[in-house]
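Peer 1: Now for the letters of each chain:
There are 2 protein chains.
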Amino acid sequence: MTDKTIPRVVIVGAGFGGLNAARALAKADVQITVIDRKNFHTFQPLLYQVATAGLSPGEIAAPIRSIFRAHKNVEVLMAEVTGFDIAGRMVETPEGKIAYDYLIVAAGASHAYFGHDDWEPYAPGLKTVEDALEIRRRVLLAFELAERQTAAGDTSAPLNFVVVGGGPTGVELAGTLAEICRHALTHEFRSIDPARTHIVLIEGGPRVLAAYPDDLSRSALEQLNRLGVEVRTSTTVTQIEAGAVYAGSTRLPATVVLWAAGVAASPLGKKIGAPTDRAGRVLVQPDLSVPGHPELFVIGDLAALKDEKGKMLPGVAPVAIQQGRFVAKLISRELSNARAASVSHLSRPAFHYWDKGSLATIGRAAAVADFGKIHISGFMAWLAWLFVHIFFLIGFRNRILVFIQWAWSYFTYERGARLITGSTYLPGWTVDQRASSRSTDHASQEIHAASRK
Amino acid sequence: MTDKTIPRVVIVGAGFGGLNAARALAKADVQITVIDRKNFHTFQPLLYQVATAGLSPGEIAAPIRSIFRAHKNVEVLMAEVTGFDIAGRMVETPEGKIAYDYLIVAAGASHAYFGHDDWEPYAPGLKTVEDALEIRRRVLLAFELAERQTAAGDTSAPLNFVVVGGGPTGVELAGTLAEICRHALTHEFRSIDPARTHIVLIEGGPRVLAAYPDDLSRSALEQLNRLGVEVRTSTTVTQIEAGAVYAGSTRLPATVVLWAAGVAASPLGKKIGAPTDRAGRVLVQPDLSVPGHPELFVIGDLAALKDEKGKMLPGVAPVAIQQGRFVAKLISRELSNARAASVSHLSRPAFHYWDKGSLATIGRAAAVADFGKIHISGFMAWLAWLFVHIFFLIGFRNRILVFIQWAWSYFTYERGARLITGSTYLPGWTVDQRASSRSTDHASQEIHAASRK
Numbered sequence: 002m003t004d005k006t007i008p009r010v011v012i013v014g015a016g017f018g019g020l021n022a023a024r025a026l027a028k029a030d031v032q033i034t035v036i037d038r039k040n041f042h043t044f045q046p047l048l049y050q051v052a053t054a055g056l057s058p059g060e061i062a063a064p065i066r067s068i069f070r071a072h073k074n075v076e077v078l079m080a081e082v083t084g085f086d087i088a089g090r091m092v093e094t095p096e097g098k099i100a101y102d103y104l105i106v107a108a109g110a111s112h113a114y115f116g117h118d119d120w121e122p123y124a125p126g127l128k129t130v131e132d133a134l135e136i137r138r139r140v141l142l143a144f145e146l147a148e149r150q151t152a153a154g155d156t157s158a159p160l161n162f163v164v165v166g167g168g169p170t171g172v173e174l175a176g177t178l179a180e181i182c183r184h185a186l187t188h189e190f191r192s193i194d195p196a197r198t199h200i201v202l203i204e205g206g207p208r209v210l211a212a213y214p215d216d217l218s219r220s221a222l223e224q225l226n227r228l229g230v231e232v233r234t235s236t237t238v239t240q241i242e243a244g245a246v247y248a249g250s251t252r253l254p255a256t257v258v259l260w261a262a263g264v265a266a267s268p269l270g271k272k273i274g275a276p277t278d279r280a281g282r283v284l285v286q287p288d289l290s291v292p293g294h295p296e297l298f299v300i301g302d303l304a305a306l307k308d309e310k311g312k313m314l315p316g317v318a319p320v321a322i323q324q325g326r327f328v329a330k331l332i333s334r335e336l337s338n339a340r341a342a343s344v345s346h347l348s349r350p351a352f353h354y355w356d357k358g359s360l361a362t363i364g365r366a367a368a369v370a371d372f373g374k375i376h377i378s379g380f381m382a383w384l385a386w387l388f389v390h391i392f393f394l395i396g397f398r399n400r401i402l403v404f405i406q407w408a409w410s411y412f413t414y415e416r417g418a419r420l421i422t423g424s425t426y427l428p429g430w431t432v433d434q435r436a437s438s439r440s441t442d443h444a445s446q447e448i449h450a451a452s453r454k
Numbered sequence: 002m003t004d005k006t007i008p009r010v011v012i013v014g015a016g017f018g019g020l021n022a023a024r025a026l027a028k029a030d031v032q033i034t035v036i037d038r039k040n041f042h043t044f045q046p047l048l049y050q051v052a053t054a055g056l057s058p059g060e061i062a063a064p065i066r067s068i069f070r071a072h073k074n075v076e077v078l079m080a081e082v083t084g085f086d087i088a089g090r091m092v093e094t095p096e097g098k099i100a101y102d103y104l105i106v107a108a109g110a111s112h113a114y115f116g117h118d119d120w121e122p123y124a125p126g127l128k129t130v131e132d133a134l135e136i137r138r139r140v141l142l143a144f145e146l147a148e149r150q151t152a153a154g155d156t157s158a159p160l161n162f163v164v165v166g167g168g169p170t171g172v173e174l175a176g177t178l179a180e181i182c183r184h185a186l187t188h189e190f191r192s193i194d195p196a197r198t199h200i201v202l203i204e205g206g207p208r209v210l211a212a213y214p215d216d217l218s219r220s221a222l223e224q225l226n227r228l229g230v231e232v233r234t235s236t237t238v239t240q241i242e243a244g245a246v247y248a249g250s251t252r253l254p255a256t257v258v259l260w261a262a263g264v265a266a267s268p269l270g271k272k273i274g275a276p277t278d279r280a281g282r283v284l285v286q287p288d289l290s291v292p293g294h295p296e297l298f299v300i301g302d303l304a305a306l307k308d309e310k311g312k313m314l315p316g317v318a319p320v321a322i323q324q325g326r327f328v329a330k331l332i333s334r335e336l337s338n339a340r341a342a343s344v345s346h347l348s349r350p351a352f353h354y355w356d357k358g359s360l361a362t363i364g365r366a367a368a369v370a371d372f373g374k375i376h377i378s379g380f381m382a383w384l385a386w387l388f389v390h391i392f393f394l395i396g397f398r399n400r401i402l403v404f405i406q407w408a409w410s411y412f413t414y415e416r417g418a419r420l421i422t423g424s425t426y427l428p429g430w431t432v433d434q435r436a437s438s439r440s441t442d443h444a445s446q447e448i449h450a451a452s453r454k
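Chains as they are written, first to last, in my numbering: chain A, 2 to 454; chain B, 2 to 454.
Bear in mind the hints are in silico, worked out from the structure with no lab data behind them. No residue lacks a Cβ here, since even glycine has one placed at the ideal position from N, Cα and C. There's no promise every hint is true.
Looking from chain A toward chain B, a few residues come up when the C-beta cut is under 10 Å (computed) [what the hints assert, rightly or not]: (1) G59; (2) A71; (3) M79; (4) R183; (5) H188; (6) R252; (7) L253; (8) G396.
Cβ pair distances, simulated, as ranges [said to hold, decoys possible]: (9) B:F372 / A:S424: 51 to 57 Å; (10) A:I7 / B:R38: 53 to 59 Å; (11) A:R400 / B:A88: 57 to 63 Å.
Please construct the entire structure, taking both the sequences and the accompanying hints into account.
Peer 2: Here it is, written out as structure tokens:
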């Protein structure tokens, strides 16, 4: 299968950028190696649906090798890239080095705590399927613990959810949580009332969805308020501990804290050896290559590039997708030319991002859409959001499953994937589960006793 | 909501037995408390589909409180039952005691290693959603590691799966694994050939599916062989360690070992204080009550009861379902009588199991069905199995989703939920992942180097 005469393109990362680069290159006369730490591609825009029990992980993920089954020139390796030998044109993994003629690094970004890594155990972020399952576990467990504690006569059980960060992820998490409390969980508890859950969204800047035009930002705020979310803008989080978030010197009790505030580029960016910006993103040339290395491209969330107006391209899926396709086309063309005559890296075009608009969802029938001059809010924006997300989801099977679940949820208000798996411990819960199972303080009291007298 | 004048029935466990007892009782004038360690009911007959990446956990599980949403007299508590105060008629939990007038213990069974608990890390069993995800992780990871190691030029990567136990779970696991290797994964790997995976099923007794008639047992063996499974009957496993299973003194290399051999009743059985059998099951009266305690019932896998012919009732879903309904009816009737006149526990009927037949699936279009005088094998038995399992699945939404996925898998041979989440470590893998990421032994070699020379 492998042949030295056929050039090899190595792609690190199978997110939106890497996947689209590989797909666009797969028909060219090249050998492609796609390396990812995971065996599946995650459709990140729907991760919050997994975190809020609306979808199962299997429905928003696709095995990378299934995607490339028909392309015999694409090899998929599930491996951790540990570094690069740029001079020797090699990618380093624990099993060995992989030689390349062209390298596309699309390793993405993760959430960051801005020097407060100690907050992580109390405030999980949302970048991977594992993150989503952890958030789901905490949210669902909070209701179960509250029901249990209240049934035992202790009415002090807290139900305060705090979401830190008012970007698209924070807004959709806060909105969907509010929707669950008000609808999905009503009539299911006997001792607590989930609708009384207090949801706070904290944003450091003056408005939510800061990347959107002012009117849509205001509309998002109104839609959040209508769902019952308390939004605190221009508020800085100074400390997070078990059971509480500090906004300035104000202590906000928090049964569950979700982190949607910071993003940092993959550490692989720094290992390339090229200049990076403060967020760790590689400062790429207009053709997305690394200065001095026309054979090395960085795309997606890991790349820092400004558009014609001098504005930094946002870390969103459409940018990564277009960059992946751009680089693939560029490589294909150069390889064809190389076979015909000589190659020139000098005549490369610059990447141009075609912004088709932005969509952010807030909750059931609540969203905002920015199509340049046209701004839409509410139900129509939400429909546009649904359509786009089902359309771009990988795999026909996933599209059917997600469509059915959304239709089902829309008419029944139910959330299908409400499973608490793994640990049953929640940091900072007022009645510590581990302590109470050893002591007899609680075990000796009688549940329902109050109502018996 | 709670009122002392209305009697309280406490049900421990929301498996098939507990769930059906609660459902049948929900219309009676009683208060019901359902206690389970999990917040969801697991449809155990399809757990192997989660373990083999055919379905997602959310598709075979239903939140317990959703099931009882419409029944205001049913309270659901996610809690660990720690013991019983039988004399005081109380169930003990870490939060407190729960008083009952009637108690139904339906805590089920788990897998057991017959005194070899040290085998567990190397041979996970299949009783919970967490177990299923761990098995899925190991099976899928084995292929990924083998591909990686073979791409790096080391063709010694092992792919041997050993399933211990030839009952229904062992047979369906071995059959489905064979199906995956032969169909779902073909054309997806470039260095290994999944179809060459060696699958061994080890059974201590003389035949697989020992509970079935001899001809069906033989048919199952043939169907397994046709799928490429090597079946070793009358073979005792003497040792399991990282990477190997010992059958007598023969060492069988094993990349992944799955345990489907032993079942032990929940430890809660012993805490009731009544006599138990060797497997820890409570020896119940013909009316399923515990001797001397007409208010206390044990049902499902935790109960030991013989049928009219003196044969022990099997630990299968239909027995648990029928027992749950039987006990619910018995309690309802006694409570109605109690309001009219005096109660007599002496006139209780005996539980009678109505055996509608048994079904065991082996793989794609392969199954056996035992309907008393009628024995069916192959495609028709498999269709019967599909129909019954979709019909009994909890939740209309789950039924649609599972049906679609099965139809999809049947025509495309694909498995939808192929996600490796969590750790990327496999015990006993020949190239230890943790070691190799530290050493430079492997890191210095070149992947694809062989093909370049």
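Peer 1: Determine for every hint whether it applies to the structure shown.
Peer 2: Structure-based check of all given hints:
1. Annotation: interface hint on G59 (chain A) holds; nearest CB of chain B at approximately 3 Å, less than 10 Å.
2. Residue-level restraint check for A71 (chain A) holds (minimum Cβ-Cβ distance to chain B is 7 Å; threshold 10 Å).
3. At about 4 Å, the closest approach between the beta carbon of M79 (chain A) and any beta carbon in chain B falls short of 10 Å, and the interface hint on this residue holds.
4. A hinted interface residue such as R183 (chain A) counts as satisfied when its beta carbon comes closer than 10 Å to some beta carbon of chain B; here the least separation is about 15 Å, so the hint is violated.
5. Because the smallest distance between the Cβ of H188 (chain A) and any Cβ of chain B comes to about 5 Å, under 10 Å, the interface hint for this residue holds.
6. Proximity of R252 (chain A) to chain B is violated relative to the hint, the smallest CB-CB distance being about 26 Å (cut-off 10 Å).
7. Because the beta carbon of L253 (chain A) sits about 26 Å from the nearest beta carbon in chain B, more than 10 Å, this interface hint is broken.
8. Contact between G396 (chain A) and chain B, as hinted, is supported at the beta carbon level, the nearest pair being about 8 Å apart and thus within 10 Å.
9. Distance hint check: the CB atoms of F372 (chain B) and S424 (chain A) are about 44 Å apart, inconsistent with the given range 51 to 57 Å.
10. Between I7 (chain A) and R38 (chain B) the beta carbons are some 56 Å apart, a value that agrees with the proposed interval 53 to 59 Å.
11. Here the CB-CB span from R400 (chain A) to A88 (chain B) is close to 59 Å, well matched to the stated 57 to 63 Å.
Comparing the model with each numbered hint stated earlier shows that hints 4, 6, 7 and 9 do not hold.
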